Amino acid sequence: MLAFAIRRLGQSLFVLVVMSFLVFLGVYAIGNPIELLVNPQADAVERARATAALGLDRPMLEQYAVFLSRAAHGDLGRSFVFNVPAIQLILEKLPATLELAFAAMVMAIAIGIPLGLVAGLKPHTWIGRTIMAGSILGFSLPTFWVGLVLIMVFSVQLGWLPPNGRGETVMLLGVPVSFLTWDGLRHLAMPALNLALFKLSLLIRLTRASTREAVLQDYVKFARAKGLSPQRVIGVHVLKNILIPIVTVIGLELGSVIAFAIITESIFAWPGSGKLLIDSINQLDRPVIVAYLLVIVTIFIAINFIVDVLYSVLDPRVRLGAVAAH
Amino acid sequence: MSIAVETPQEPAAPAAREQPLWRRFAAEFAESRLALVGLAMLVVVVTIALTAPWISPQNPYDLAQLDVMDSKLPPGENSSTTGKPYWLGTDDQGRDMLSGIFYGLRISLVVGVTSTVIALAIGLALGLAAAYFGGKTDAIIMRIADIQLSFPAILIALVLLAVLGQGVDKIIVALVTVQWAYYARTVRSAALVERQKEYIEAARVLALSRPRIVLRHLLPNCLPPLIVVATVQVAHAIQLEAALSFLGLGLPITEPSIGLLISNGFQYLLSGKYWISFYPGVALLATIVAINLVADQLRDILNPRLKK
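Heads up: the sequence lines are chains F and B, in that order. For the first sequence, position 153 (counting from the first letter as 1) is numbered 153 according to this note's numbering, and the numbering increases by one without interruption. For the second sequence, position 57 (counting from the first letter as 1) is numbered 1057 according to this note's numbering, and the numbering increases by one without interruption.
Just chain F, same shape as in the assembly (with noise of 0.2 Å):
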């Protein structure tokens, strides 16, 4: 477990170091930040002035050895913006996209499993085919197009839910959060509901698969035999064992989901990160971009590895060395 652990932290580094180069270099290539910085009006000594205080002038491997040697203090550069520390305007934002993502993941849960649970249990019913019908629809569906259709719905036609921002927030362990006001919960329906469909769509079908796999199995049949009862075989002997596929694809999912609401929060206009990273790229601040995408990074590889060590503590058989093998 523990060599495990030090293997996959090391392979995580030098994919971190390698991501950080790739998109340094990237968003390197991205036009030029000073002609967005300075007043038009500024004269060549003015703007040269300008890009050696950025530390623009440098050649783009010193550039990188500078960003380097200062991120592996946590200080990932200053927005060219708002001058401030990157980091700390992306740390301000997260919150907003994580509770965004965790409460669409709930609802694909929530929603998900139930029905296709359902669905695998009684394939061939008008019931069945109506949720797998559906879920073909709701992976279809384009999202950013499916936020439109709600906004235009509910804020515009039937005036139920506000079309866009977080709405109250109140600080909970010191991050502000809008899933404990009305407000907040208002404002939060239609963003979460939107990021969730998708994911939705993909529970059902995957516990659909695994269920109808799993009631043709010799313990279920058995567990049948010894007259459980049908609440008993399903919620404990099907749902135990479909629950390892599932786990392993939530969890890998969380990570795209939080991807995902970049548009989601440019849609609603959520502040959260992603949103943050598009007015960024518009506005070619490059600290902010590298910043966020190496947070991003991070976030992907710890969530692979719980992920990776949940698998293990549900499923017995897998042996951690072998999946870091393989």
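Heads up, some of the hints might be wrong.
One-sided excerpt, in silico: chain B residues whose CB lies under 8 Å from chain F [said to hold, decoys possible]: (1) Tyr1274; (2) Ser1277; (3) Gly1281; (4) Leu1284.
Please keep in mind that the hints were generated in silico from the structure rather than gathered at the bench. As the structure is a prediction and not an experimental result, all values here were calculated from the model. The beta carbon of each residue, even a glycine, is placed where N, CA and C say it ideally should be.
Use these hints to put chain B onto chain F, whose structure you have.
Just chain B now, with coordinates in the frame of chain F:
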């Protein structure tokens, strides 16, 4: 955002040769009415995309044909100059939405299919190389694929486009970059299973050349799972392109794709002018549903594990 890729499959049994392969295939495909509906929808969408310049009431990219006086007209309203009706309304520049959608579908399909074909070719070559040569080649190619696949496609494409800028060629590059790994992985796993089989051994015993074994024997038998992945990926590519265009990072505003049309309409949504965003979205949805329905059935046909 990928649907779980199927595990490698057995090739279709070569014994059943009474009737032509495509006929059996067509008959199996037709077993699902839903898949037929999907296929019909797909034919309609492709026809529209191919014939857009001739069936559109207006060339939506020709600014001379756009009349600002006609901007943001609701569906069914007549043009103030020509008197011709705008069936789906107009956008903020007076562009006929119906024509915009027809042309937009054209771009979406071109981008989706082109990027899929290129990614398929690259993934196929690298996947086969990984499986055939094994060892270091395999390790390097698959490690890169693994690392890439552990990040969501949208994030990689977003960063790439931020670097590359706008344009059809740029978005195709971005989509190819995020897609090739799926194919490489699928081909490799299929090829690893296939190369253990007796027909490859037989080909080796016959002392056929390596390229011949790989291209004539190994490759054709790795294709079924690839076809399924490719179909699903066309839909993904189209969705991804639309999302990126919506974020303003895909295609230039002068030649709006479906995603950009939706994005343009977004700012007028809150004032109740729903049609600018709504109808392009319906067209996009119909395209993706059609492809997914066809892909679902293809998966069932080509997967022998589900054979009755």
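These are the hints, each one checked on the structure:
1. Tyr1274: 5 Å, holds
2. Ser1277: 5 Å, holds
3. Gly1281: 4 Å, holds
4. Leu1284: Since chain F brings a Cβ to about 5 Å from Leu1284(B), closer than 8 Å, the hint holds.
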